[in-house]
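Chemist: One letter stands for each residue in the lines below.
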Amino acid sequence: MTEREPGSLTWPRGLSGMCYGGDYNPEQWSLQVWAEDMELMRRAKVNLVTVGVFSWSRLEPSPGVYRFDWLDQVMDLLHQTGIRVNLATPTASPPPWFSFAHPDALPVTRDGVRLWHGSRDTYCVCAPAYREACRRIAQALADRYADHPALAMWHVHNEYGTWCYCDHVAVRFRQWLRARYGDLDALNEAWNGAFWSQWYSDWDQILPPRATQYLPNPTQMLDFRRFMSAELLAAYQEQRDILRAANPDIPITTNYMFYPGLDNWAWSQQVDLTALDHYPSATDQRAEEQTAFGADLARSWARGHPWLLMEQATSLIYTGDVIATKEPGRMLRHSLSHIARGSEGALFFQWRAPVAGAEVYHSAMVPHAGPATRVFKEVVALGEVLERLEEVRGSVPRTDVAILWDAEAWWAVESAGFPSTRVRYLDAVSAAHRVLWRAGYVVDFARPDADLSRYRLVLVPSLYVISDEAAANLTNYVANGGHLVVSFFSGIADPRHHVRLGGYPGAFRTVLGIRVEEFHPLLDDAQVTLSTGDTGRIWSEHLHLEGAEALAHYVGGCLDGQPALTRHRWGKGVGWYVSTRLDDDAYGRLVFRAAEEAGVTPPPTGASGECEVVRRWGAHSSWLFVINHSDRPHHIPAEGVDLVTGAEVRGQVSVPAGGVAVIREAR
Amino acid sequence: MTEREPGSLTWPRGLSGMCYGGDYNPEQWSLQVWAEDMELMRRAKVNLVTVGVFSWSRLEPSPGVYRFDWLDQVMDLLHQTGIRVNLATPTASPPPWFSFAHPDALPVTRDGVRLWHGSRDTYCVCAPAYREACRRIAQALADRYADHPALAMWHVHNEYGTWCYCDHVAVRFRQWLRARYGDLDALNEAWNGAFWSQWYSDWDQILPPRATQYLPNPTQMLDFRRFMSAELLAAYQEQRDILRAANPDIPITTNYMFYPGLDNWAWSQQVDLTALDHYPSATDQRAEEQTAFGADLARSWARGHPWLLMEQATSLIYTGDVIATKEPGRMLRHSLSHIARGSEGALFFQWRAPVAGAEVYHSAMVPHAGPATRVFKEVVALGEVLERLEEVRGSVPRTDVAILWDAEAWWAVESAGFPSTRVRYLDAVSAAHRVLWRAGYVVDFARPDADLSRYRLVLVPSLYVISDEAAANLTNYVANGGHLVVSFFSGIADPRHHVRLGGYPGAFRTVLGIRVEEFHPLLDDAQVTLSTGDTGRIWSEHLHLEGAEALAHYVGGCLDGQPALTRHRWGKGVGWYVSTRLDDDAYGRLVFRAAEEAGVTPPPTGASGECEVVRRWGAHSSWLFVINHSDRPHHIPAEGVDLVTGAEVRGQVSVPAGGVAVIREAR
Amino acid sequence: MTEREPGSLTWPRGLSGMCYGGDYNPEQWSLQVWAEDMELMRRAKVNLVTVGVFSWSRLEPSPGVYRFDWLDQVMDLLHQTGIRVNLATPTASPPPWFSFAHPDALPVTRDGVRLWHGSRDTYCVCAPAYREACRRIAQALADRYADHPALAMWHVHNEYGTWCYCDHVAVRFRQWLRARYGDLDALNEAWNGAFWSQWYSDWDQILPPRATQYLPNPTQMLDFRRFMSAELLAAYQEQRDILRAANPDIPITTNYMFYPGLDNWAWSQQVDLTALDHYPSATDQRAEEQTAFGADLARSWARGHPWLLMEQATSLIYTGDVIATKEPGRMLRHSLSHIARGSEGALFFQWRAPVAGAEVYHSAMVPHAGPATRVFKEVVALGEVLERLEEVRGSVPRTDVAILWDAEAWWAVESAGFPSTRVRYLDAVSAAHRVLWRAGYVVDFARPDADLSRYRLVLVPSLYVISDEAAANLTNYVANGGHLVVSFFSGIADPRHHVRLGGYPGAFRTVLGIRVEEFHPLLDDAQVTLSTGDTGRIWSEHLHLEGAEALAHYVGGCLDGQPALTRHRWGKGVGWYVSTRLDDDAYGRLVFRAAEEAGVTPPPTGASGECEVVRRWGAHSSWLFVINHSDRPHHIPAEGVDLVTGAEVRGQVSVPAGGVAVIREAR
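Protein chains in written order, with the numbering used here: chain P, 1 to 667; chain H, 1 to 667; chain B, 1 to 667.
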């Protein structure tokens, strides 16, 4: 099956406005509740619901015995109500009968613990019986519903990401390794099999990285993560191809989160519409920061095309031990923050709070207390706003700043036995995004090997692993006039996880004009002071200039007087280097200086973390989103019509504390 | 075998005074030591010892081969010394030969880890071989000793509470579920099988809640806990019936702790004399608080009848990482605190500190250093005091305040995936007990479905799960004039662990005259302030009055101005509601106000947490226990004779720092 | 094979100067790199390299198929370069083919988790297949290289210490227990099998201490640790005997660390040259403290003979989460600190930093950045210093102070269920060593049953387990004039882990003239105050004088007025007792007072923790090592020639901040 270009089929069939709705689980409710659901959905202007995500045991109650009657009824009822259906394959949760018949298809941990039925995601993606059962249920759904008039989109599975270390996985891992390395000596070289006597003499000796006596082999770990991402993607593709064959006009997606289990660049090539599930994990400003981060990632994965926020929560923030409640208005602002960054709507997990089960306290559009609640009122209000934003569809924000993002670097940075467990990839990338977001910049994420010519400034936080080709791409980018701000622990290794010898940061030494001879990771709360008065934490380095100029030196300690921040003219551009984890202010100053030198387009006036101002550009128009997260009014220069209120905006728009505006700009 | 009413056979046969003694393990010692034991027991006025708790491998050294010679000698020797025997069945620790022959009878953790012989409690209660071996050894003991003149009581097993997740357990769990639900659809409905595709099509697919991929099913978890409690109880009953058949005149008990493995209300119906093992876990005032809490629970389980403190420690407090030492005098005070609350004596684990083994540092009546020690001197002194308290036996304290206690609520409140891991059932119940205990009240615990008419005030802390019948019981209680103080996270769910829809706290909305639309759990150390100036932690709620009056509102935050504490006249009584975790002072003020309105009998003058004053009532007399935990004298109004000193008491008794008095009251 | 007396064959064959070099892994590199290695080794004056430690899969790529060509080349190349070879047997890391063929030879954790190939040390030492494979590869290496002219020493295995709980282990454990106890009743008595029904009726019922339901049997645990040490030693001996038979003139060793897996006293009897791997775990002064501690232990294990620092790191300190970097000069100082204490050189793990693998960031003599680095320059400088120290070989330091060290006590002190998890053996011994080291004393470690007559002062920190014979040895030591400073939790138990009854500290009551009736462990940060104003933590005791005098009493609390520190004249000597964990200053004062009374030789003038001054004594000369760890110069009285600078020293030597001197003393 040939790939379809993302963006070529991104409209859920038959839907005109912004998508609005959520996961709908009618199988948990009576017919009487269904009737109320239709009424409430109409009231909330819901136009798209995701059905069937976890319905396998209700659709196929015993092997090969299907019960579609209830789903037929639901599809028809929704169709009659004018609501479109995002129909899911239920493969994220195999039914009890399946696990009972195929215990070998249950997942197994690194420690060899088999995980039993009783939750969700209790499958091994490499188990042949599981894959076959998935194809069968996908085919059965395709056969029955591919031409149903309510069908708008297919939703394959849910949040792929379940790992396993069983013998089925070993078999598939070996196949993948054969394909990658060709012969065993290439694998032995790549895995440095001469170290600790790990030279394989037969493919069958190779295992997934199960529990072992001491530190695991880092390349084996990295390859296993690559493999799991590819294998899960292959499982997705099998279902997608079945669904596409049944009706090529229906877009197909799968919803994902950005945790480090998947190479989302590769996945996004295989979906028609990139779909993100997003749940902030903190209640303070980080919630907004994470929202922008997730939305910028999703748009970037979609290669600049619109995408869809597939799941968010109406009124909860998981903080770990406590499920916090979203304050009034915050749901609207988060929704608009996603949409400002390219989402074609706002969907929720879930329509109606369940009466029982493991997620009984996951929030919903209709809470346990029913529609006479703040939450449902806000749901209705959001529906009204979204209805007015229909014209925005198809537009996207623009930017000339990018941050490199690479799942392999993530996996590699966090290898066991590395110099500091405090160097975390997501921390590094988030810091880069945060300083720009707080200053009002919209930022793209980019692959290291992408065409970067549209960007004036590219940030490279802790990109530990990079191929020669990608490194050349970045060098050429600078040679042609780009500005590259590289942070420590970047460019160190090649894709085999081999350190580039002769001095760090191997792949970037030439373009940065430096040579690092030794890392000096910092303990606990230790800090280093720079000659600028700035401070760094977590990391420092013994660095030599080889063409670069020093912007700041270390002061005190055994690195006293050594360069800490550097700048290197290379070709028509500049390579900047940051050898410690600067605090946000200092990091920001460096990045903004680079942005200025690079000629980056400034953000809209008044844009900041506390009042986001983001512009979506269409073919002929533009829309300015103003989202005031603060407790005071903000006044933002604008001209046009505020779609939220309908008011004309002349010169500036005043957005009250906690409020939003979306101005169709007069040009 | 028909049930015997608790209280009908509560005297260990042949014992007249308060029970005094402990676990006695002569099998660990030489004959020479036995002789010294008899001498020291006489000196300490010991009259009851528990023998044989962990003696299986010495009694049945190989399958079916019994060696009773040493136990015969011990029984005879004790009899000659005038000490009565609480003879144990040794089934808490199967012998090595048993585990070797039946590895399938070793327990298995959730993760599938088999736990091997080498400690104690290495059994699976569902393993048929284990149950059969238990019946055999119980029968052998019954055959030999049921008519032994030293035998005063049977002590079945020890601290039942070992869980298992093996295939034997799965079989029994399914049987129990069949009995509970009848047909599979009822189970599927109860477990909300439509959620996450957990609809079972065959009983054999059902498993104990083993390790699984993500959140477990809460109803499955709750049912498993119910089942384990019932199954362990069935195992107890098998042994009890054998022992009772051999001699119906000997009372039978089993000793338990109050951790959440068992439904102690059900258990207490099956024992002749409720027996508590109690070990405080803190060295500060919480030790006394926990002592009163445990004793009040035990008396309540015994349905107001006397009970027996079966185990405590002479001189240790397990605090987790450190075994702290009990200060001089504390053992006496703890013993009297239990007796004041209805215990018919004070027994210890253990008579003599062992020379080796896993509990070599568990304290004892005779320490490693021998009888020439502070500890043994205090043991002798306690024996003297108890001898003077013989007349107290059969009396009990009285109260018109109760706290509801329900193991199912405990299990349910702490379900995975719930809004806050900081809401702990025991914390909530302890806080209710503590504020009353510190103010000098003696409190009963009661089942939610009990006849509450004897109480003027009933506290309901976090009673998450409640049946319709029990809810009606509480509503009627208020309608008939009772005062009910309900704390947050109560009444939410039915026994299937299904949320009652339409608004929290479902089962109590009518009686409390409120409707809660949303929970607002608090993070970490966050606090809410009330209009009264009081503060709450952990929890807050968005609450609407539906008939109730607000006693306090939230101040600030997104709940500003919403009711926090409410009061609702209902029928002849009042329902009070507390929507946050008040600090103890504020909670106390509310509870004391309710007590006053309810006309609760005030506690004895001078009663407090630092000086406990508790009255036991007999048919014709009463005894006032005064236990001064403080470092200064307390003067308590009293008239009568102090049994401890023999002194007459006129008007008041002065109890020195750390001292005790027990006054037979003149009436 | 008869034992060889340590010290009889301690010179790596053919080596005249101090040993200098490290682990060399040419199998990871190309021929071109080999050529550079030879050049750089010459530059650094390397004279000894360890080859082949983890080369099994390159030497025996499939079962019985050997590839010695590359090793032949390496040996010849090194020989031509004039570098001697410490040739290792590679048995610490079996090849993948071995684990694949013998999954039963993979180690299994207490929880039953099998640890798979993928790291190093994935073997069960009790697996017959493993032992046989080890003998085969050792024989093959012996056959081929025993007479190679480059061969200087054999290096068996690497850091023995891998435990297992599998069925092979059970079989061997039982054999060892039979040998120890003879008959089963003796074992049952020793393990106190009457406790918790653990009386075995057949040897086959006995298991390694696998995961169990609750606290394990302490004697079973202790015996298992004894057994594992003995079994690992037996595995070593098998290889050693093969190698010795091939060429009796080559010394044989194995490198070890001092973690608690092994009884190093026993091991050191079986090696020709004691070899220590040493890695400090902290970056502050503890790094130097640990270095002296490790070196003093190694010298003591070697029974006063020279020994060899087999591994250290050029530039890293593992601190747990972070790999810190050694500051300039620190490597030299640490190397000399080892040599001052008797090491015959300084070897490193590793020669060249690997390009990939689990220890890619372990530091090396040649870093990733190559020879143009600070680290390699310091390596060259150290080589030059060591060349000048050739004459020092064969000499050793002398001292008349010893600390008792016993692995069994370590294992026993940390038994589960003991009074305080905060009592750690290594903490107690380190504190004893630290107060002496900071005051400039060099200290030996000694076995409890050693001839102590050469020492004037012996410290006994937390020697929980001691045999009657060893206790008598210590009593006689005092009777004959020795001073013994015993700290709490000593002498409590016999080798069966049975408490000595009648009062603590059992074995030492007579010599110390005290009787402890009860322990009072302290919680968290609680302190006790003594009448001297000193404070103690962690522990206190209720102590009675039985002949001793009290040097200090407890003040306040329930021990108010009880003795805390005591002194007892016994025979010609004195027994001192410390019943709490004094802070270092107070402990030091007590120890120095005892040292003065005992007539201990004072340390060299100026010696301290920040400037170590240590004298090595030869037959006819002495050398004074001065190692200035501080950031200011130190001036130390000395006469002679500084071998480092060649300068004459008259009256005193001035050593600059961070510097070192080694003075051949004029006498």
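Treat the hints as calculated values from the structure; they're not laboratory data.
Ideal Cβ positions, reconstructed from N, Cα and C, are used throughout, including at glycine.
Be aware that a few hints might be false.
Computed footprint of chain P on chain H; a stretch qualifies when at least three of its residues, placed anywhere within it, have a C-beta under 8 Å from a C-beta of chain P [said to hold, decoys possible]:
1. 204-212
2. 217-225
3. 411-421
4. 500-513
Each pair of labels, with its calculated beta carbon distance range [claimed, not checked]:
5. H:S531 <-> P:E36: 35 to 41 Å
6. P:P328 <-> B:D583: 54 to 60 Å
7. P:S62 <-> H:S531: 38 to 44 Å
8. H:Q527 <-> P:Q285: 19 to 25 Å
9. P:Y318 <-> H:P103: 18 to 24 Å
10. H:R422 <-> P:P149: 45 to 51 Å
11. H:R424 <-> B:G320: 20 to 26 Å
Chemist: Hint by hint, note whether the structure agrees.
Modeler: Comparing the hints with the structure gives:
1. A count of 8 residues in the stretch 204-212 of chain H with a Cβ less than 8 Å from any Cβ of chain P is obtained; the coverage claim is therefore met, three being the minimum.
2. With 4 residues having a Cβ less than 8 Å from any Cβ of chain P, the stretch 217-225 of chain H passes the three-residue criterion, so the hint holds.
3. Coverage of a stretch by a chain is defined here by at least three residues with a beta carbon nearer than 8 Å to that chain's beta carbons; for the stretch 411-421 of chain H and chain P the count is 6, and the condition holds.
4. Given a C-beta distance limit of less than 8 Å, the hint that chain P covers the stretch 500-513 of chain H holds, as 4 residues qualify and 3 suffice.
5. A hinted range of 35 to 41 Å holds for the C-beta pair H:S531 and P:E36, which are about 37 Å apart.
6. Taken as a hint, the range 54 to 60 Å holds for the pair P:P328 and B:D583, whose Cβ atoms sit roughly 56 Å apart.
7. The hinted range of 38 to 44 Å is not satisfied by P:S62 and H:S531, whose Cβ atoms lie roughly 59 Å apart.
8. Checked against the given bound of 19 to 25 Å, the beta carbons of H:Q527 and P:Q285, roughly 21 Å apart, stay inside it.
9. At roughly 42 Å, the beta carbons of P:Y318 and H:P103 sit outside the given window of 18 to 24 Å.
10. Roughly 49 Å separates the CB atoms of H:R422 and P:P149, a value that falls within the hinted 45 to 51 Å.
11. Checking the proposed 20 to 26 Å range against H:R424 and B:G320 shows it is violated: the Cβ atoms sit about 32 Å from each other.
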